[in-house]
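Asks: Chain by chain, the residues run as shown.
There are 2 protein chains.
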Amino acid sequence: MPELRKDYVTDTWVVFAPDRAQRPIETQGTVSLATAPEECPFCPGHEHMTPPEVLAYPSNASDGSAWRVRCVPNRFPALTPDGEVRAKSDGLFHSLEGVGVHEIIVETPDHTKDFSALAKGQIQEVLRAYAARTADLAQDPRLAYILIFKNHGAEAGASLFHAHSQLIATPMVPRRIKDELRGAEAFRAENGACAYDRILQAELDASARIVLANEDFVVLCPFASRFPFEVWVLPRTHRVHFDSISTRERRALAGLLKDTLGRLNTLFRNPAFNWYIHTAPSDGGDYAHYHWHLELTPRLSKRAGFERGTGFYINSVPPEDAAHLLRQAGEA
Amino acid sequence: MPELRKDYVTDTWVVFAPDRAQRPIETQGTVSLATAPEECPFCPGHEHMTPPEVLAYPSNASDGSAWRVRCVPNRFPALTPDGEVRAKSDGLFHSLEGVGVHEIIVETPDHTKDFSALAKGQIQEVLRAYAARTADLAQDPRLAYILIFKNHGAEAGASLFHAHSQLIATPMVPRRIKDELRGAEAFRAENGACAYDRILQAELDASARIVLANEDFVVLCPFASRFPFEVWVLPRTHRVHFDSISTRERRALAGLLKDTLGRLNTLFRNPAFNWYIHTAPSDGGDYAHYHWHLELTPRLSKRAGFERGTGFYINSVPPEDAAHLLRQAGEA
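Same order as they appear, the protein sequences are chains A and B.
The number in this note's numbering is simply the position in the first sequence, starting from 1, with 133 added.
The number in this note's numbering is simply the position in the second sequence, starting from 1, with 133 added.
This is chain A alone, in the form it adopts within the complex (with noise of 0.2 Å):
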């Protein structure tokens, strides 16, 4: 059973997963592909090696394969779902039981496709996978918060290639989700505003840092980018929790990340990158004053002490450089 620790004075948690030491690591370098088709447990034929499916959405095409996208538990989980959340305290020692849930959702049958090469309406199905199994396990009243995300390349940390997506469900809040939960509290007692809203509004108002944008969503590189290249799509519409996104939205949303993935692409050749979605906790608080959003960032640098010690961020790109290059690089 993983375990949950707390940081003896700071709110930071690590989940203990000794088992996840023994997964198998196929991918080197930037991007490559390590494992022969034959092998991959992601590949349709292989569905015995993985645990029993929690979803699959049926083929329509005729290529043989039985399912469009498949969602199945991951063989070596962060957290388990068995069990209650037990929390131990011993005067510094704080933990709990790593119950939880840890999902893998794979993006397509075919093995050489990546994400970014996927049809639009592939993509739509993948997001319908998302806010289907956010849904179910949100009815989970042991889980907090759930997490949908990306690994894409080794140096994003993904060790297998087929293309596909995680879920990870906690029993607390990460701190991440409750700081941007508290800033946009404080952001509404004094302003009486949504501030992501007024993030967006703003964003627009200076355009140095909108990437491009629809009628549903804006793509813009944010004014305190942690990252070079760091790329946030806000939803036009105020919506609490990314599940309760609209067939329409999925659509405009699916075309905006493959034009993103796709400028991407053209300024870095496939580059290695994480997203992942920053919805409310399902844990049946007011939240109200939140707003989902999808935060996409490349792996094109690298922390070292002074980031690690300060939890500050050094950044060689400015936003308006990086929103100007992305736009640019749609004109090819």
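Hints may contain errors.
[Unchecked claim] Facing chain B, according to a computed beta carbon distance under 7 Å, are these residues of chain A, among others:
(1) L225
(2) D312
(3) G316
(4) R359
(5) R384
(6) A385
(7) G388
(8) Y409
(9) R441
[To be verified] Partial list, derived from the structure: chain A residues whose beta carbon lies under 10 Å from chain B:
(10) T143
(11) V187
(12) P307
(13) R309
(14) F406
Hints listed in this document are in silico derivations from the structure and should not be mistaken for laboratory results.
Only a predicted model underlies this, so the values are computations on that prediction, with no experimental measurement involved.
Cβ coordinates follow ideal geometry from the N, Cα and C atoms, glycine included.
Since chain A is already given, all that's left is putting chain B on it; use the hints.
Replies: Same frame as chain A, now just chain B:
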């Protein structure tokens, strides 16, 4: 002039230092030596390749070098020492001019020796330089915090091979320090004692996470280690500021650092690592409840999307196992 920007809603600060993109990056892979000593800006005889020194300890050896330890301003500073700390605030956009200090501590005149290969007496001189630069810059009323840190190996963010540490002084207290100060303050309010004194006592009682100790310092793998083989060095004497370190403590710390790095080298063959010294702010506040310490984090794993998205950490090596292996490595 670099610029500091605050995230729209959270207390996350980013240093924008576009000039740093021009700095030479000579290391590749885990740790490798790319430059010939003839081209190294930190080698004796090449003092003209760096800005004028701010501190140098003269050599008493007959190896021909004029100095044993040398501190110089960074040629590609993240922050610059000129001007006043001026804040700009415009709705959701908060920034500061990037006033601060960024220095290099060249740890030895010998191009070929890494920190762990230095003589104990030489390491003592490096620690003396750390304390001297910290005490000097603490007088500057524009600076709120002084961080000493070390990046060893390209994986840890080092860009030059010749052994060196760095100092960055910032106009505000960084969030990780704020978190520790807040936690330590809450602990003292509740328990009437220094949290770090109690951590020391509790960890010595538990013993499973202790790596080694002498009369002045304890080396341990912390209960909620964020990274595999994370190591903390805690002074037994309650001292708020690092620069109050005594001569005897410098000697004791030099020995323990060399010993700890030797053990990591035995286990992992010269792993990349960062360390940083957490000390109280130099902004004139009352931090009697704080207790300086050094944190060392080897670069054995990657932070992926879940960690980036949440602020959680996933660690596959429990600190009890890491401490056990580090204790054994000393018996070789």
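Asks: For each hint, tell me whether it holds in the structure or not.
Replies: To see whether the hints hold, each was checked on the structure:
| no. | hint | in the structure |
| --- | --- | --- |
| 1 | L225 | holds, 5 Å |
| 2 | D312 | holds, 4 Å |
| 3 | G316 | holds, 3 Å |
| 4 | R359 | holds, 5 Å |
| 5 | R384 | violated, 24 Å |
| 6 | A385 | violated, 22 Å |
| 7 | G388 | violated, 22 Å |
| 8 | Y409 | holds, 3 Å |
| 9 | R441 | holds, 5 Å |
| 10 | T143 | holds, 4 Å |
| 11 | V187 | violated, 19 Å |
| 12 | P307 | holds, 3 Å |
| 13 | R309 | holds, 4 Å |
| 14 | F406 | holds, 9 Å |
Comparing the model with each earlier hint shows violations of hints 5, 6, 7, 11; every other hint is respected.
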